[in-house]
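Q: My request is simple: use the sequences and hints to build the entire structure.
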Amino acid sequence: MTDYTPTMTFHPQPTPGTPTPWAFPAPERAALDNGLTVLHCHRPGQKLVAVEVLLDAPLAVEPENLDGIANILARALSVGTDTLTAEQFAAELERAGATLEAHADHPGIRASLEVPASRLERGLSLLADALRAPALPEDEIERLVANRLDEIVHEQANPARRAAKALYATLFEEADRLSRPRSGSAETVKNITRAAVQSFYQAHIRPATSTVVVVGDLTGIDLLPLLESTLGQWTGTAQELSTHAPVTADDTGRVVIVDRPGSVQTQLLVGRIGPDRHDPSWAAQILGTYCLGGTLTSRLDRVLREEKGYTYGVRAFAQPLRSTAGGTGRALLAVSGSVDTASTAAALADTWTILRTLAAEGLTDAERDEAVQFLVGVAPLKYETAGSVAVTLADQVEQHLPDDYQADVYRQLAVLETAAATEAVVAAFPTDRLVTVLVGDADVIADQVKELGIGEVTVITS
Amino acid sequence: MANPAPAATQGLAITEHRLANGLRVVLSEDHLTPVTAVCLWYDVGSRHEVKGRTGLAHLFEHLMFQGSANVSNNGHFELVQGAGGSLNGTTSFERTNYFETMPAHQLELALWLEADRMGSLLAALDDASMENQRDVVKNERRQRYDNVPYGTAFEKLTALSYPDGHPYHHTPIGSMADLDAATLEDARAFFRTYYAPNNAVLSIVGDLDPEQTIAWVEKYFGSIPAHDGKQPPREGTLPDTIGREIRELLEEDVPSRALMAAYRLPHDGTREADAADLALTILGSGESSRLYNRLVRRDRTAVAAGFGLLRLAGAPSLGWLDVKTSGEATIEQIETAVDEELARFAAEGPTPEELERAQAQIEREWLDRLTTVAGRADELCRYAVLFGDPKLLNNALPKVLDVTAEEVKAIAAARLRPDNRAVLVYEPTTTDDDQTEEETA
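From first to last, the protein sequence lines stand for chains Z and H.
Throughout the first sequence, residue numbering follows the numbering used here, covering 1 to 462 in sequence.
Throughout the second sequence, residue numbering follows the numbering used here, covering 1001 to 1441 in sequence.
Keep in mind the hints are simulated off the structure, nothing from the lab.
Beta carbons are placed, not taken as given, at the ideal position from N, Cα and C, and that holds for glycine.
Careful, some of the hints might be misleading.
Said to hold, decoys possible - DSBU-like, lysine-lysine: derived pairs with alpha carbons at most 30 Å apart:
1. H:1156 <-> H:1230
2. H:1391 <-> Z:382
3. H:1409 <-> H:1399
4. H:1051 <-> Z:308
Said to hold, decoys possible - Here are some, though not all, of the chain H residues that point toward chain Z, as calculated from beta-carbon distances under 10 Å:
5. 1071
6. 1111
7. 1219
What the hints assert, rightly or not - With the C-beta cut set under 8 Å, the calculated list includes, among others, these residues of chain H facing chain Z:
8. 1069
9. 1103
10. 1108
11. 1119
12. 1256
13. 1326
14. 1364
15. 1418
A: Dropping the structure here:
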């Protein structure tokens, strides 16, 4: 098709050398005298130490009409202590070259500290003060509430955020905290007062139900005494860990269009709930979901992006919501992406065709092999930094999984059969049990979407 | 010392090589993790594009993943991921980069793949790829810029900051009209002009054997012919300051008022750029910065307020101000407060504590960037392509730590002035109402 003739010398595709064995890092466990659980892991060369703290304050325990209070408390942990004002605390963190962020999600509050190893003591001491003696000053709480109200307006304008809000609202029963935005709505956030934040802190934040994960190059650092002298100074009474209610959802096939007039693209979020990490099929589901929509050579992007050009890319994923040791937790399973407005119905039709073909014909062995090689082979890269290891270890604790869980997933993935991956992904995305949320211009897309027959179509404006 | 710095990081061990065809190669060994990063910078970016063909460098970057003489369409992705690697490419004003991070035993594959497309892309490039990737890039533009509030602010402010005809007047994503107008022949000509071993730097970082690695580089890249068709980009030099305020008011469907501005700052690579970085950090980075304390914490007129530095080597850098208002606060209130803070800073300079904090923050960001082999490989290419010497990387942080309070004050006084900025003001056209009831259609 072209008269171009390369002049370079070609060589055959090289064959790989011998792989260096690698295993997901195994943490060590300890407990401080105040009951705080410690996981730590030495990663040579990682001079930025990552510290993750899990606080047992799940969103389900937020008081009625105060949705968002856990998030306000998370942010309020870094606005001053018994000895430092908000401005001083921020200045001290930055002086240590540290960052501290905290947020609230369904399983609990997570605080993440990142600090150069040479200043770990200063970082831990500030973190300990934030947890042990947050000042929760009235004027800063008022400001955090006002900021949050402003942010809600910005999130409403963001198509991806709006799609997630609508999906959760339709999947879960109104009484289930999962149905409502993690950081609350304008109606609930405006009710949050300093006194309410203070009582929420007193009721739920204590060392005995918390865990700290420390990962990084700990050469020359005597970690446990350092933790005792910082986080060990935090006191509180003993308490049982929270329990989580089972997760249920209505996945009757249907479509919710969130009207966003003038949108040049439609944001798609097609989802339901399914197995979480406690289910024996998790590894197979990860593998099958990757083959469906993990990368631009997966089944969805191969058509929607690389053949049709409808999108910059769509992804299929599984995200645990609330997990319990007993296996009553579930993950959100979804396909997400955005397509140009004119291609909305065509992209959905192709998605359903891809899912039906997958169910009818299954994955190929070649697909399975490439996916396993990627998922297992990429692990040393994925876990190169201290932060990525710390987050995974903390997720395991939060989801009531053993410390060697991720290492075991890699062992399972390596030997999974193609049929198991097919079975898991087909079970995860049944075409008649998918809830489709579209954020886009309803006047343009609604009629075409109704003709697809993927479920009853409702148009909402919020 | 009151605030002991991280143990002086020993500089990276860096070696340089040059093939007969002009390809510069930079190696840095590190055996802590069994991974190796390959990074290839081509010295071409959107600044090399011509009128009517904006976005071509980035569209072309997509075409580099559509196969070459020995690699099928998307084969590059399949082979790298199938080997347990990760990969991508990005396009900026000043360069186009391609990178693969591989398990160490798969390094040779990444080199073979990069060489194949450097030497033989046009053997595979066809209309089908061009038409498909044109649509993908248009959807990338819609997703990242056109369908999100304030999404085109970067493009608009850049256009205000650099005059019409200046190579940095347009951003890498390009315009829809120009993306539509690009032809297969444009893409071929772009490849013939800019994709040559003597217009690239290859860096390889991580768990590698230097002798073996250089032998592989020679084997796969050595026979790709050099060529000298490249035109230098149009001149990007401008006067140090704009000399007047440039301003545009936008009435759009956005959630809140916003004040954005771009200040003209020194070129990257200069000591003055580092001083400007420290000034912007003190003024607008993080929750102890002056603008955050003033606007978000005390006045409560903003929900977010910050400054960032867009470092550019071939044109003046930009100091990027972004303030989103809170509640009913007006642009006038925000602007008055910003100007007061900048004027006070220019008059007084930073306190010793502020300078110390800003240096600690920049130090952490630097450690963060160098914590992965891929981050190191990219920085080595940056210093080699933009400043001629990869070893400058080892001196980058000490240079920032050496800047004095007086220099920070001087750059603020000279540059962070109302007559040296382009301003973009957003006023919302509608009030968002999230109380609306559902309706069934």
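Q: Any hints this thing doesn't respect? Which numbers, in order?
A: When the structure is compared with the hints, only number 15 turns out to be violated.
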